[in-house]
Amino acid sequence: MTLETIEQVTAVFDTIAPAVGLSVGLAVGQTSIVAEAAELVQIRKSMVHSFGKSEAATPDLAESQVDRLVATPGRLMDHIRNTKGFTLQHLQFLVSFFRGERGNRGTALPRLMKMVLSATLTRDPAKIAQLGLFCPIYVAPGAAGNRYQLPEQLKSYRMVCKPGEKPLYLVALLQQLCSQTTVVFTASVVATHQLYTLLKCYKGLSFKVLEYSSLQH
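Mapping to UniProt numbering: the sequence shown position 205 is 205, numbers consecutive.
None of these hints come from the bench; they were simulated from the model. Where hints are given, some of them may not hold.
[What the hints assert, rightly or not] Ranges between beta-carbon positions, derived for each pair:
1) S188 / M115: 23 to 31 Å
2) L91 / S32: 34 to 42 Å
3) F185 / G164: 16 to 24 Å
4) A17 / C201: 36 to 44 Å
5) F93 / L3: 18 to 26 Å
6) Q175 / Q42: 56 to 64 Å
7) M113 / S213: 31 to 39 Å
8) E63 / P163: 56 to 64 Å
9) M159 / C135: 42 to 50 Å
10) F207 / G132: 29 to 37 Å
11) C178 / M113: 46 to 54 Å
Note that this is a predicted model, so its numbers are computed, not measured. For each residue, glycine too, the CB sits at the ideal point set by N, CA and C.
Using the sequences and the accompanying hints, generate a full structural model.
Structure (structure tokens):
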């Protein structure tokens with residue numbers, strides 16, 4: 001899970017979690033692991049009980065401070081290895097955002113349900129096996145058995161041009177569509193900002209340009 005995905009998921013949880021009485025923790029590589037550990041796990045110190053001439057001490061008790069944890073894989077491993085009382089022993093749901101063809105193997109835990117969310121998940125059995133899933137169920141809402149499903153009224157066109165002329169063609173196309181709301185998708189946050197800056201440099205455009213990416217939201 002990338003930092004951008006972490007921010008998006010956390011924003012959703014921050015909206016709905018208080019309404020259903022859930023506490024959400026965040027573990028990413030950009031914050032202090034000591035501070036995170038204090039927010040995730042509370043250690044109750046041992047107590048000594050006297051029984052006549054004998055004494056018995058109860059072990060330190062670790063209590064989770066969160067119901068849901070959003071974490072990057074690296075920081076999650078850091079807490080498993082280094083944070084006292086942090087354990088996945090009682091984990092019930094593991095949600096993994098799958099990117100590319102990276103595996104997601106691990107020792108099976110009792111009562112654990114693993115969910116893999118992906119916009120590009122392959123159906124190749126050999127690659128699916130790398131995820132270590134038991135009796136997997138493929139769920140594609142609204143796909144009707146297909147990997148992708150487009151609205152029936154959606155029309156697709158292709159415009160062939162030289163790479164250096166793409167911005168000019170885009171401006172010409174947006175001028176033709178100026179009376180309609182148009183969304184332009186790019187390959188990355190950086191490309192989005194570059195295109196936005198370029199369009200803002202054009203004078204006399206008949207449409208307003210807005211930038212929408214994780215840099216602003």
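Structure-based check of each hint:
1. S188 / M115: 23 to 31 Å: Because 26 Å falls inside the window, the suggested range holds.
2. L91 / S32: 34 to 42 Å: violated, 24 Å
3. F185 / G164: 16 to 24 Å: This hint holds: roughly 20 Å between Cβ atoms.
4. A17 / C201: 36 to 44 Å: holds, 42 Å
5. F93 / L3: 18 to 26 Å: holds, 22 Å
6. Q175 / Q42: 56 to 64 Å: Distance hint for Q175, Q42 holds at roughly 60 Å.
7. M113 / S213: 31 to 39 Å: holds, 33 Å
8. E63 / P163: 56 to 64 Å: Holds, since E63 and P163 (Cβ atoms, about 57 Å apart) stay within the stated range.
9. M159 / C135: 42 to 50 Å: holds, 46 Å
10. F207 / G132: 29 to 37 Å: violated, 49 Å
11. C178 / M113: 46 to 54 Å: holds, 49 Å
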